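Taking the hints into account, I'd like the entire structure generated from these sequences.
The chain contents come next:
Number of protein chains: 2
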Amino acid sequence: MLNSDALDLLFHNGRTFSAWQDRDVDINLLKQAWDLAVLGPTSANCEPMRVTFIESAEAKARLKPYLAEGNVDKTMAAPVTAIVAQDLEFYEKLPDLYPHTDARSWFAGKEDAIKTTAFRNSSLQAGYFILALRAQGLDCGPMSGFDNAKLDADFFAGTPVKSNFLINIGYGDRAKLHARSPRLAFDQGAEIL
Amino acid sequence: MLNSDALDLLFHNGRTFSAWQDRDVDINLLKQAWDLAVLGPTSANCEPMRVTFIESAEAKARLKPYLAEGNVDKTMAAPVTAIVAQDLEFYEKLPDLYPHTDARSWFAGKEDAIKTTAFRNSSLQAGYFILALRAQGLDCGPMSGFDNAKLDADFFAGTPVKSNFLINIGYGDRAKLHARSPRLAFDQGAEIL
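Residue numbers (our numbering), protein chains in the order written: chain A, 1 to 193; chain B, 194 to 386.
Treat the hints as calculated values from the structure; they're not laboratory data. One should not assume that every hint holds.
[What the hints assert, rightly or not] Restricting the straight-line Cα-Cα distance to at most 25 Å, the calculated cross-link-like pairs of lysine-lysine (BS3-like) are:
#, chain 1, residue 1, chain 2, residue 2
1, B, K343, A, K115
2, A, K162, B, K303
3, A, K110, B, K343
4, B, K308, A, K110
5, A, K110, B, K355
6, B, K303, A, K115
7, B, K224, A, K115
8, B, K267, B, K343
9, B, K308, A, K115
10, B, K308, A, K150
11, B, K308, A, K162
Computed from a predicted structure; not experimentally measured.
Structure (structure tokens):
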């Protein structure tokens, strides 16, 4: 069982931040979070999540016009923004990632299976990734308010990669947090049969 | 930062299990995992994940015919199977879950936004949930090989709930594990701009 300090770090004190301390993010922490997140289970170990970390002033300026208005200031202020994306040709890596059977053939040419598997599993991996970032002591501000098509045409032109959502990353300013919104109780969202 | 024991529990030693120890799962652990998982961030705090825990012999018999052949034995042997699902009317709860603005109007009547948001965020929550189950000392065996439409027609008839994927839950038999499959290195799946 995880102890209470660890539960606090990952869950109880984990919040969605919009304001950031003036403190840089060590790139090694992002790499360590990646190495943890990819350990999480995916369907046939397909690992469709791809991440583009926006850190330089040039890259931030490129990202800015695609953000929803309410997401501009907090994103420009964040030390790093991760574009969490999905590789729609993830199945080309299955001969390496799932070598004991011909898993590539489960997907190649099957558009519905590709789209569903990439979206489900890149989102699932993003869940692992957010908690892995928190495990490195980092704070997150995930958001889906941006123009996916325009961002993809700029950052992923000519590739099979499509954006899923964004995560601002840094050390959050806890003084600027609002009270946490309510959560669904077990009996509101779950049942035991 | 999370210490190495916690990283081992959640990530390094976390594996997808197909064989289970003969040991019951305390329902309170499932409830505690739910309460942790719902703390994770979702878009406008929409929390679309719903979970039906299959535990009784009757419910297991109901589930069995919808499973892909390769998933039958391990699922019937698991102490509990979670049907991770998504509520396509999640927006009806937004006046309670995100009360400071009219977030319901962002979704009501907008089928594409509903489907995308429910699928993305229920999958994201499933990522938190798998790690929250591991945080309770439980092991998981997630899988998407089943007939979603037939399962939904049985378990969720007349509701806006649709299945996403399944997670077998229990105490795994580590002696029956194969070697872990390879993972994508940072440079294979990520970039820094």
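Verification of the supplied hints:
| no. | hint | in the structure |
| --- | --- | --- |
| 1 | B:K343 - A:K115 | holds (21 Å) |
| 2 | A:K162 - B:K303 | holds (22 Å) |
| 3 | A:K110 - B:K343 | holds (21 Å) |
| 4 | B:K308 - A:K110 | holds (20 Å) |
| 5 | A:K110 - B:K355 | holds (22 Å) |
| 6 | B:K303 - A:K115 | holds (20 Å) |
| 7 | B:K224 - A:K115 | violated (32 Å) |
| 8 | B:K267 - B:K343 | holds (20 Å) |
| 9 | B:K308 - A:K115 | holds (13 Å) |
| 10 | B:K308 - A:K150 | holds (21 Å) |
| 11 | B:K308 - A:K162 | holds (17 Å) |
When each numbered hint is compared with the structure, a violation occurs for hint 7 only.
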